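Take the given structure of chain A and dock chain B to it, following the hints.
There are 2 protein chains.
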Amino acid sequence: MDNTGRVTAAVLIIGDEILSGRTQDTNLNAIARFVGAHGVDLAEGRVVGDDETEIVAALNALRTRYDYAFTTGGIGPTHDDITADCVAKAFGAPLYEHPEIMAMLTARWGAEVTPARRRMARVPEGATLIKNPVQGPPGFQIGNVFVLAGVPAIMRGMLEDIGWRLKGGAVVVARTLRVEGSGEGVIAAPLEAVAKAYPKLSLGSYPFFGPEGYGSNLVVRGRDPEEVAAAVQALNTALTDAGVAKLYEVDA
Amino acid sequence: MDNTGRVTAAVLIIGDEILSGRTQDTNLNAIARFVGAHGVDLAEGRVVGDDETEIVAALNALRTRYDYAFTTGGIGPTHDDITADCVAKAFGAPLYEHPEIMAMLTARWGAEVTPARRRMARVPEGATLIKNPVQGPPGFQIGNVFVLAGVPAIMRGMLEDIGWRLKGGAVVVARTLRVEGSGEGVIAAPLEAVAKAYPKLSLGSYPFFGPEGYGSNLVVRGRDPEEVAAAVQALNTALTDAGVAKLYEVDA
Numbered sequence: 001m002d003n004t005g006r007v008t009a010a011v012l013i014i015g016d017e018i019l020s021g022r023t024q025d026t027n028l029n030a031i032a033r034f035v036g037a038h039g040v041d042l043a044e045g046r047v048v049g050d051d052e053t054e055i056v057a058a059l060n061a062l063r064t065r066y067d068y069a070f071t072t073g074g075i076g077p078t079h080d081d082i083t084a085d086c087v088a089k090a091f092g093a094p095l096y097e098h099p100e101i102m103a104m105l106t107a108r109w110g111a112e113v114t115p116a117r118r119r120m121a122r123v124p125e126g127a128t129l130i131k132n133p134v135q136g137p138p139g140f141q142i143g144n145v146f147v148l149a150g151v152p153a154i155m156r157g158m159l160e161d162i163g164w165r166l167k168g169g170a171v172v173v174a175r176t177l178r179v180e181g182s183g184e185g186v187i188a189a190p191l192e193a194v195a196k197a198y199p200k201l202s203l204g205s206y207p208f209f210g211p212e213g214y215g216s217n218l219v220v221r222g223r224d225p226e227e228v229a230a231a232v233q234a235l236n237t238a239l240t241d242a243g244v245a246k247l248y249e250v251d252a
Numbered sequence: 001m002d003n004t005g006r007v008t009a010a011v012l013i014i015g016d017e018i019l020s021g022r023t024q025d026t027n028l029n030a031i032a033r034f035v036g037a038h039g040v041d042l043a044e045g046r047v048v049g050d051d052e053t054e055i056v057a058a059l060n061a062l063r064t065r066y067d068y069a070f071t072t073g074g075i076g077p078t079h080d081d082i083t084a085d086c087v088a089k090a091f092g093a094p095l096y097e098h099p100e101i102m103a104m105l106t107a108r109w110g111a112e113v114t115p116a117r118r119r120m121a122r123v124p125e126g127a128t129l130i131k132n133p134v135q136g137p138p139g140f141q142i143g144n145v146f147v148l149a150g151v152p153a154i155m156r157g158m159l160e161d162i163g164w165r166l167k168g169g170a171v172v173v174a175r176t177l178r179v180e181g182s183g184e185g186v187i188a189a190p191l192e193a194v195a196k197a198y199p200k201l202s203l204g205s206y207p208f209f210g211p212e213g214y215g216s217n218l219v220v221r222g223r224d225p226e227e228v229a230a231a232v233q234a235l236n237t238a239l240t241d242a243g244v245a246k247l248y249e250v251d252a
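Residue numbers (this note's numbering), protein chains in the order written: chain A, 1 to 252; chain B, 1 to 252.
Keep in mind that a hint or two might mislead.
Just so you know, same-sequence chains aren't split out, so a pair can sit in one copy or run between any two.
What the hints assert, rightly or not - Restricting the straight-line Cα-Cα distance to at most 30 Å, the calculated cross-link-like pairs of lysine-lysine (DSS-like) are:
{"#": "1", "residue 1": "200", "residue 2": "131"}
{"#": "2", "residue 1": "89", "residue 2": "167"}
{"#": "3", "residue 1": "196", "residue 2": "246"}
{"#": "4", "residue 1": "167", "residue 2": "246"}
{"#": "5", "residue 1": "89", "residue 2": "246"}
{"#": "6", "residue 1": "200", "residue 2": "89"}
{"#": "7", "residue 1": "89", "residue 2": "196"}
{"#": "8", "residue 1": "167", "residue 2": "131"}
{"#": "9", "residue 1": "167", "residue 2": "200"}
{"#": "10", "residue 1": "200", "residue 2": "246"}
{"#": "11", "residue 1": "196", "residue 2": "131"}
{"#": "12", "residue 1": "131", "residue 2": "89"}
Treat the hints as calculated values from the structure; they're not laboratory data.
These numbers come from a predicted model, not from an experiment.
With the rest of the complex left out, here is chain A (with noise of 0.2 Å):
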């Protein structure tokens, strides 16, 4: 929790093939709504590739300035699979073959327990697993990081079993007006004196436009409902004031 009170995360994405542009990325939205929903606010992403000493920087520099990191990807049996190496390396935790995964791979394979497989049984030492209830084995949390998959629909279904570690803050409340017909032009400086009248709200300024015509979503962000809601309010009329015709509330 950082001198305003706000718990805070950050996001690692691991993987070649999203720096090559060949996948992309869903993972670090699928986080941002996760921690959001427990009170904890997504501070920072970063994407490296499979590269040890990129992984372990990267990871060392997030892990020590917020709450809590979250990797995903480079935990499968291939050989440029070398997330949990680095995040031993980065903890200075020897690797081991965890039991409970050995059990599992054994009651999956049997005799076919290649090399390569165990692989995939290797925690550092003072992880504790995460549960996997799509496929494959667990992910691992060690000190406050937590070790993901990258696909996907693992990902998500891991997300479950990190819930309850999770020391949130007050879950941000966000509400939407839209306006239609008003390009940001018209909007900014209502938008900014609201703003400047609320300095503990985030206000943003999502514009659309397309065939179905132009416009913007206007989104206050904040921990206090009654204050996100008198700061929707004064928008409200300060846009009106500006000139601003169309304006309802939406859900976004």
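Just chain B now, with coordinates in the frame of chain A:
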């Protein structure tokens, strides 16, 4: 260009809406594919919020380490659009109102060029403009940094005015072998053996599973098409020897 002849780039995604989970970023992926086609490797990605200290620190870290840095987001007219200010600060260059952008704004808005709209005319001294063929004001380049819009359709339009500015290396060739009905536990050993035999190439395994079956896409990436072809052949042989029955090359 680093000591391996690789030309590198980084992407800095700017915006609270990405970190809150409200918006799914697609710009990193689009830039990754774009620079890859120009022989430039995306080497790192970062996501930060609308915070001057964070943006300046991340931009300085990335622009000094990589050949190119791309930013997306924060160039609109509202109070939370502070990217131009941050880039100016990072470069120690003052902002000024670019006459070409002022002319565009005046042509579009006439007397309605509000102070908010004028904000969009501000670029750091020494910047050159990046054409925006879609809607709104241009982006800009200063040094090795490209400052682009956050709205994906506009961002992609701006990329059309960037290709000619990039001095890339050899374009990476990627070929994909698709394995069906064999898991990574079987694939890992032959894959690792081929990866060790071709240390200049990148070999990755991207598993899939679902109602339609399971398997993995094995991607061989490198700059020398003949070396990539030799590795694909070697991988084909090694997988067949390891008992993989269904295996074919796909475009992916």
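For each hint, the structure was consulted:
1. 200 to 131: neither (37 Å within a copy, 37 Å between copies)
2. 89 to 167: Within one copy only: 26 Å inside, 36 Å across.
3. 196 to 246: Result: close within a single copy only, 24 Å intra versus 63 Å inter.
4. 167 to 246: neither (41 Å within a copy, 48 Å between copies)
5. 89 to 246: neither (56 Å within a copy, 38 Å between copies)
6. 200 to 89: between (39 Å within a copy, 25 Å between copies)
7. 89 to 196: Cα proximity of residue 89 and residue 196: across copies only (23 Å, versus 45 Å in one copy).
8. 167 to 131: Classified as within: same-chain Cα gap 19 Å, cross-chain 47 Å, threshold 30 Å.
9. 167 to 200: The answer is within: 22 Å in one copy meets 30 Å, while 45 Å across copies does not.
10. 200 to 246: For residue 200 and residue 246, the Cα distance is within 30 Å only inside one copy (27 Å; across copies 59 Å).
11. 196 to 131: neither (45 Å within a copy, 33 Å between copies)
12. 131 to 89: Classified as within: same-chain Cα gap 23 Å, cross-chain 46 Å, threshold 30 Å.
In summary, the numbered hints that this structure violates are 1, 4, 5 and 11.
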